[in-house]
Every structure is written in structure tokens, then in C-alpha cells.
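Peer 1: Kindly generate the complete structure, drawing on both the sequences and the hints.
Protein chains: 2
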Amino acid sequence: MTYKLYYWSGIQGRGEFVRLALEDAGADYIDIAAAPDGDEKLMAFMERRDLLRPPFAPPFLREGDLVIAQTAAILLYLGDRLGLSSRDEAERLWAHQIQLTIADVVGEAHDTHHPIGAHLYYEDQKSEALRRAEHFRELRIPKYLEWFERILARNSKGDAYLVGGAATYADLSLFQLVEGLLYAFPKTTQSVLVKAPRVAALRERIAARGRIRAYLESGRRTEFDEQGIFRHYAELDP
Amino acid sequence: MTYKLYYWSGIQGRGEFVRLALEDAGADYIDIAAAPDGDEKLMAFMERRDLLRPPFAPPFLREGDLVIAQTAAILLYLGDRLGLSSRDEAERLWAHQIQLTIADVVGEAHDTHHPIGAHLYYEDQKSEALRRAEHFRELRIPKYLEWFERILARNSKGDAYLVGGAATYADLSLFQLVEGLLYAFPKTTQSVLVKAPRVAALRERIAARGRIRAYLESGRRTEFDEQGIFRHYAELDP
Numbered sequence: 002m003t004y005k006l007y008y009w010s011g012i013q014g015r016g017e018f019v020r021l022a023l024e025d026a027g028a029d030y031i032d033i034a035a036a037p038d039g040d041e042k043l044m045a046f047m048e049r050r051d052l053l054r055p056p057f058a059p060p061f062l063r064e065g066d067l068v069i070a071q072t073a074a075i076l077l078y079l080g081d082r083l084g085l086s087s088r089d090e091a092e093r094l095w096a097h098q099i100q101l102t103i104a105d106v107v108g109e110a111h112d113t114h115h116p117i118g119a120h121l122y123y124e125d126q127k128s129e130a131l132r133r134a135e136h137f138r139e140l141r142i143p144k145y146l147e148w149f150e151r152i153l154a155r156n157s158k159g160d161a162y163l164v165g166g167a168a169t170y171a172d173l174s175l176f177q178l179v180e181g182l183l184y185a186f187p188k189t190t191q192s193v194l195v196k197a198p199r200v201a202a203l204r205e206r207i208a209a210r211g212r213i214r215a216y217l218e219s220g221r222r223t224e225f226d227e228q229g230i231f232r233h234y235a236e237l238d239p
Numbered sequence: 002m003t004y005k006l007y008y009w010s011g012i013q014g015r016g017e018f019v020r021l022a023l024e025d026a027g028a029d030y031i032d033i034a035a036a037p038d039g040d041e042k043l044m045a046f047m048e049r050r051d052l053l054r055p056p057f058a059p060p061f062l063r064e065g066d067l068v069i070a071q072t073a074a075i076l077l078y079l080g081d082r083l084g085l086s087s088r089d090e091a092e093r094l095w096a097h098q099i100q101l102t103i104a105d106v107v108g109e110a111h112d113t114h115h116p117i118g119a120h121l122y123y124e125d126q127k128s129e130a131l132r133r134a135e136h137f138r139e140l141r142i143p144k145y146l147e148w149f150e151r152i153l154a155r156n157s158k159g160d161a162y163l164v165g166g167a168a169t170y171a172d173l174s175l176f177q178l179v180e181g182l183l184y185a186f187p188k189t190t191q192s193v194l195v196k197a198p199r200v201a202a203l204r205e206r207i208a209a210r211g212r213i214r215a216y217l218e219s220g221r222r223t224e225f226d227e228q229g230i231f232r233h234y235a236e237l238d239p
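Going down the list, the sequences are from chains A and B. So the first sequence is numbered by the working numbering: it starts at 2 and just counts up by one. So the second sequence is numbered by the working numbering: it starts at 2 and just counts up by one.
Simulated from the structure, these hints should not be mistaken for lab results. The reader is advised that the hints may include incorrect statements.
Note: identical chains are not told apart, hence a pair may lie in one copy or across any two.
[Claimed, not checked] Simulated pairs of lysine-lysine, DSSO-like, Cα-Cα distance not exceeding 30 Å:
| no. | residue 1 | residue 2 |
| --- | --- | --- |
| 1 | Lys158 | Lys144 |
| 2 | Lys158 | Lys188 |
| 3 | Lys5 | Lys42 |
| 4 | Lys144 | Lys127 |
| 5 | Lys42 | Lys196 |
| 6 | Lys188 | Lys144 |
| 7 | Lys42 | Lys158 |
| 8 | Lys5 | Lys158 |
| 9 | Lys42 | Lys144 |
Peer 2: Right, here's the structure in full:
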């Protein structure tokens, strides 16, 4: 069955977490964002009145009649099917918990440049953004990355992966999170990663995986920019 | 097996979503927050160095050796065991998606009074809170409640419950969300609920369930107040 991934075109956003899992597994999928009229297709689908389970927001995945929204729920579903999860229930739940924690960081990273609301431009909430970004840099990035470092160190099957002895979608997502933080907050993130060597090594390990490397080098990956979730504004990472 | 629920004492917070599922099912559980030294127990457990899968934050659930954090992951797990989910995979995923969307609203509700960060008092971020709350009241509460109304209307098994023909943890969580919004933003929420009669009816339906009603009347439920996630500040709902 061909998967269809629906997300906005032109930004990595939350869709990229799903895309990395599909790419790493070599899955057969259609990326709606890559179509010339991708955004129109996405909106038309969401507005279908015969849709029994309409997503609240993208990204969402279609597989036949099944429509799944919410990044972590999509990855929970795909992880089992793409060999990017564990068959052990405790490990499977652990991967999901980690993913949900990554989702929390992603939400906070977004709110550094949009602390008031997504309906306003960054420039219209810049003074608030300066305050929120300071809190994110000084307290949240260290706290989160230290937790990822700790759980890697405590993995009974070695510190190469977050869950068990092989890569799961949670590792792919942590790679993406670190990439995003390095883009948006390079000074802060580099300095925190010095104290989180396992996280830094995991990032390299994931980037070197065959299909991930091929994808990163393919030109198909959207670049980070100031339209997405991870935005670099120099004043927010002085 | 007795469940142990770990959460901060004195506030409903995210722990209440788990508590409602345990109460509705009549589950055998120990509520650590109800112990006189609950917070110390919680912190001592989180700091255990032999913990292979340390939670990032409360709430978390223990069942024997299993430790699960993240409210939506806990409910995904408990839903299957407490008869508060569906055996149908599409419905089970749908309940989880809805729960994750409720978690998004909860995060946004929190950020109305803490738009800069949880490390500062409300009074120290009040001007930002006024702006963020306006956005939440005018755009987000209506958008979310209209979505819940729409998915109830589209449920092929009737509009009494969110998923299938019986109550799931998602219904209990929507009840709690609406209670919280009515406490924090009474004017806005009441006016939006007029246009979301199915959501309003679901709230009444859940409140009337035997064990939920008994719990609400038991005196064991912590009251909403200005320490938790849903806080009422008159200036934020003018």
C-alpha cells in the first residue's frame, strides 16, 4: 500500500519527522507537499465533508481509508510497519514517550518566535520573543538535551540508540530536533551538546545511515528557513 | 496489579486526565499526590539512578516495573486495560489523535498565563499574557471546540461519544478540558459552547456517569485554582 503524506509545502515543519521515517525505511509514499498544487490538495482533503475523522491540522498520513494526524500518532503507527519500533511493549511505549517529549520541545521552539500567536508576524511579537527565547536557551534546551543524554546513558542495550539496540523513529526524530536546534540556536545548542556527547554522536550516526544520507543529499529535503518551526534570528541566540 | 499515579499534589494539572480514567474504571490505584509526602516521593522516584526509563516530567504511571510518562501515552496504555478504548485499530488510533489534540489545547491554555516561561510568576509576564490570552480566546478556543463539535457530528455511531458508540478516555479528557476552560475563561467558553451543543451535552453526559459523579462529589478532587494549568484571571477573560 502506498502511503500519502500531507503537509504544507516549502517548510520542513512537523511533516519532516514523518518524512524521515518514510525515507529511512525506503517506504513507498507520495509526498503531497512535492506536488505543484500540494497545498490546494491538502486543504481540499481536509475540507471534505465525507471525512469521518477530519484531522485538526497537518501533518496527516493516508493509507487507504485510514487517515492519521498528529506526528507522534503517525510515527507510532508507522514505526510498527516500517521496522522502526520495537516488538517489546515496554520499549514500544518508551519510544512513544520519547517522541511525545520531542514534540514538546518542538512546540516550545516554535513559540520562541511566536510566543503570542501564529496569526501575527514575528516582527509583531518580537519583544515577547526575546524574553521567551532567553528562557528557552537558558533553561529548556539544557534540560531537554541533558535528559536525552541521560536516557541514552541508561539504555541497557548500549548508548547508540534511544530504545533497545537498534534505531527507532525516536532516534530519527532526535536527529531532526538537534538539526533544528543547531539551525535556530547554534551558539546555545553547540555549547550544550559539548555536555551531551551521546546526543551529538547519535546525530552523526543517524546522518550516516544509508537512506538518510541519500535523502539529505538528494536536494529533496527542504532547507531550514524563517518560515518553518526552527527559525534563526540572530537576536534570539546572541 | 495496583497502579501508582505520580503527580504533584495540590493541583489537578495533567495528572487529572489520568485520574479521571482510573476513577471511571473503578481501577485499583494509589494516588501519590494524596499522600502527605507525595511530592517528596515523586521527586525521590524521578531521581533514582537505577531507573532505566526516567520520565522527563510528571504525570507518570507505575505498574510493577513499567513506568510510563506523557499523559497521552499513559491513557493509550490504560485505555486498553480499563475498557476505555476500542479494539478496532482505526478507532483506537482516532482516540489517541483526539487525546493528542486535547494535549495541545492544554498546553496553549497553560501558556495564556505563562507565555514567557514557567520559571516566572504570572505577574512577571502579565502584559504578554494579556496578548496571548486574547489570541487564545478569539481564535483558538473557537477553532478547537468547533473541531470537537464537528467530529462528534460525524461519528458514524452517533454523536454521544467521540469514538465509536461508547465512552473512551478521550471523552473523559474532553470533559476535563471543557471544565478547565469554563473555569479559566467562563465568558468565552460559555459563548462558544452555545455553538457546540454536542460538546456541551458530552460534558453533561460524562459528569453523570456513576463513578465520575461519585468522584466529583467525593471531596477527593482538587479544586481548580490559580496554581494549576487552568487559571482564572478576570483580566484574561474580560
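Peer 1: The structure should be examined with respect to each hint, and the outcome stated for every one.
Peer 2: Going down the list of hints, with the structure as the test:
Only within a single protomer do lysine 158 and lysine 144 lie at most 30 Å apart by alpha-carbon distance; the minimum there is 24 Å, versus 45 Å between protomers. Taking identical chains as interchangeable, the C-alpha atoms of lysine 158 and lysine 188 are never at most 30 Å apart, the minima being 32 Å within one chain and 53 Å between chains. Taking the shortest alpha-carbon separations for lysine 5 and lysine 42, only the intra-copy value of 12 Å comes in at or below 30 Å, while the best inter-copy value is 46 Å. Taking the shortest Cα distances, lysine 144 and lysine 127 sit within 30 Å of each other both inside one copy (24 Å) and across copies (25 Å).
Taking identical chains as interchangeable, the C-alpha atoms of lysine 42 and lysine 196 lie at most 30 Å apart only when they sit on different chains, with a minimum of 29 Å there against 44 Å within one chain. Taking identical chains as interchangeable, the C-alpha atoms of lysine 188 and lysine 144 lie at most 30 Å apart only when both belong to the same chain, with a minimum of 16 Å there against 37 Å between chains. For the identical chains of this complex, lysine 42 and lysine 158 are inter-copy neighbours only, at 28 Å across copies versus 44 Å inside a copy, given an alpha-carbon limit of 30 Å. In this homomeric assembly, lysine 5 and lysine 158 come within 30 Å of each other (Cα to Cα) only across copies, at 27 Å, whereas the closest approach inside a single copy is 34 Å.
Taking CA atoms no more than 30 Å apart as the test, lysine 42 paired with lysine 144 passes between copies only; the shortest distance there is 21 Å, against 39 Å inside one copy.
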